[in-house]
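*Asks:* Below are the chains, spelled out letter by letter.
There are 2 protein chains.
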Amino acid sequence: MPEEYKDSKFVFLANTAPILQIYLLDQLKKPKFVAADTMNLWINNNLADLKRLMKKIDCLILNETEARMLANEHNLITAAAKIEKLGPSVVVIKKGESGSIIRQSDGQLFVLPAYPATIVKDPTGAGDSFAGGFMGYLAGQNKTDFATLKKAVAYGTVVASFTISDFSLKGLTKTTRRNIDSRLKELRNQVKF
Amino acid sequence: MPEEYKDSKFVFLANTAPILQIYLLDQLKKPKFVAADTMNLWINNNLADLKRLMKKIDCLILNETEARMLANEHNLITAAAKIEKLGPSVVVIKKGESGSIIRQSDGQLFVLPAYPATIVKDPTGAGDSFAGGFMGYLAGQNKTDFATLKKAVAYGTVVASFTISDFSLKGLTKTTRRNIDSRLKELRNQVKF
Numbered sequence: 001m002p003e004e005y006k007d008s009k010f011v012f013l014a015n016t017a018p019i020l021q022i023y024l025l026d027q028l029k030k031p032k033f034v035a036a037d038t039m040n041l042w043i044n045n046n047l048a049d050l051k052r053l054m055k056k057i058d059c060l061i062l063n064e065t066e067a068r069m070l071a072n073e074h075n076l077i078t079a080a081a082k083i084e085k086l087g088p089s090v091v092v093i094k095k096g097e098s099g100s101i102i103r104q105s106d107g108q109l110f111v112l113p114a115y116p117a118t119i120v121k122d123p124t125g126a127g128d129s130f131a132g133g134f135m136g137y138l139a140g141q142n143k144t145d146f147a148t149l150k151k152a153v154a155y156g157t158v159v160a161s162f163t164i165s166d167f168s169l170k171g172l173t174k175t176t177r178r179n180i181d182s183r184l185k186e187l188r189n190q191v192k193f
Numbered sequence: 001m002p003e004e005y006k007d008s009k010f011v012f013l014a015n016t017a018p019i020l021q022i023y024l025l026d027q028l029k030k031p032k033f034v035a036a037d038t039m040n041l042w043i044n045n046n047l048a049d050l051k052r053l054m055k056k057i058d059c060l061i062l063n064e065t066e067a068r069m070l071a072n073e074h075n076l077i078t079a080a081a082k083i084e085k086l087g088p089s090v091v092v093i094k095k096g097e098s099g100s101i102i103r104q105s106d107g108q109l110f111v112l113p114a115y116p117a118t119i120v121k122d123p124t125g126a127g128d129s130f131a132g133g134f135m136g137y138l139a140g141q142n143k144t145d146f147a148t149l150k151k152a153v154a155y156g157t158v159v160a161s162f163t164i165s166d167f168s169l170k171g172l173t174k175t176t177r178r179n180i181d182s183r184l185k186e187l188r189n190q191v192k193f
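Listed in order, the protein sequences are those of chains A and B.
For the first sequence, position 183 matches number 183 in this note's numbering, and the numbering has no gaps at all.
For the second sequence, position 181 matches number 181 in this note's numbering, and the numbering has no gaps at all.
Note that these hints are calculated values from the structure, not bench results.
A portion of the hints provided could be inaccurate.
If several chains are the same, the list does not tell them apart, and a pair holds so long as it fits within one copy or across any two.
Computed cross-link-like contacts, DSS-like style, restricted to lysine-lysine with a CA-CA straight-line distance of at most 27 Å [stated by the list, open to error]:
1. Lys85 to Lys151
2. Lys55 to Lys121
3. Lys30 to Lys55
4. Lys82 to Lys121
5. Lys51 to Lys170
6. Lys192 to Lys151
7. Lys174 to Lys151
8. Lys170 to Lys9
9. Lys174 to Lys32
10. Lys29 to Lys192
Only chain A is shown next, with the shape it has when bound in the complex (with noise of 0.2 Å):
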């Protein structure tokens, strides 16, 4: 890992090998909130290296069929709750066009549907690039507090909706903060009652 990365504060293990991502965890000096994505490879095959990483992590993001497996649990909201005895304090299951659910050990739960995209062009990288907005809102916060946590959500959301809209990186290349801004107040107005 290059030095000027090791002091890192707001670190996402994207989805690998677990005995990779705690590698790589162990090089970083003192992160303040490390967040991890996992996949059914691992879960079938490398649960011990997983259970250990999960100790050592504050959040894991996951989608719905690996959650219902590493929990062995079909109810998500419970599912959760189940993992987070294993280790991370905050656990996000991300659900496709579903949308996607946060929950904090302290019982807290946030739910959000996707954005209502009409034009949906290629889902691969959705994932990720709400890993990433949820991550690089949190950085900029410098802060892990559950509404600070449900607003991040939001925003991997929209991100998420960018990416899908067009094939490969297109989609987000065409993308400004204001951008995804406004789709975020869009979003916020689409979900209240």
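Using the hints, position chain B against chain A.
*Replies:* Just chain B now, kept in the frame of chain A:
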């Protein structure tokens, strides 16, 4: 139809043959807001009748599969817009545990996740309970502006969440208006960011 029902103002035509829904509707004197439910069977086999019905109603409530089938369109927001062109100025699309969408022909949109229930015993009746909560709230308010429609969707969501919490009518019979209002508040909080 019993005489005393004929001046009903808020009318829900539950799912049955569209020809029968029209027959019922024609007996009403001057309804203020008419919603109808439908299903794949009528979309496939009785589309002409269903189209006649759609010209007479204000709101169509249907699930996501039915919406896609009726509009011949995968994207649900676009599907709702297409359905509005067939008559109803309001379309509600139920997505089960993924929540619901309501769209008005002026383009206003509201998206709501399902209530994040941890106890789900039997989804039977969730759709009709949703419609009941939705229509009951509108009738109680005697209004159908979009702000009221959004709140009606939230009431429908909450009533359905009680239905699925137990078998048969047990979930509903244990429910009071106070429980419903308290869960509505909870849901409002859970989607706020």
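*Asks:* Work down the list of hints and note, for each, if the structure agrees.
*Replies:* Checked hints:
In this assembly of identical chains, lysine 85 and lysine 151 lie within 27 Å of each other by CA distance solely inside one copy; the values are 24 Å within and 36 Å between copies. For a Cα distance limit of 27 Å, the shortest separation of lysine 55 from lysine 121 qualifies neither inside one copy, at 38 Å, nor across copies, at 33 Å. Taking the shortest alpha-carbon separations for lysine 30 and lysine 55, only the intra-copy value of 15 Å comes in at or below 27 Å, while the best inter-copy value is 64 Å. Taking identical chains as interchangeable, the C-alpha atoms of lysine 82 and lysine 121 lie at most 27 Å apart only when they sit on different chains, with a minimum of 20 Å there against 35 Å within one chain.
Taking the shortest Cα distances, lysine 51 and lysine 170 never come within 27 Å of each other, neither inside one copy (36 Å) nor across copies (40 Å). Within a single copy, lysine 192 and lysine 151 get their C-alpha atoms as close as 14 Å, and across copies as close as 9 Å, so both meet the 27 Å cut-off. In this homomeric assembly, lysine 174 and lysine 151 come within 27 Å of each other (Cα to Cα) only inside a single copy, at 22 Å, whereas the closest approach across copies is 35 Å. For the homomeric pair lysine 170 and lysine 9, neither the shortest alpha-carbon distance inside one copy (29 Å) nor that between copies (51 Å) is at most 27 Å.
For the homomeric pair lysine 174 and lysine 32, neither the shortest alpha-carbon distance inside one copy (31 Å) nor that between copies (46 Å) is at most 27 Å. In this assembly of identical chains, the alpha carbons of lysine 29 and lysine 192 never lie at most 27 Å apart, being 41 Å within a copy and 35 Å across copies at closest.
Comparing the model with each earlier hint shows violations of hints 2, 5, 8, 9 and 10; every other hint is respected.
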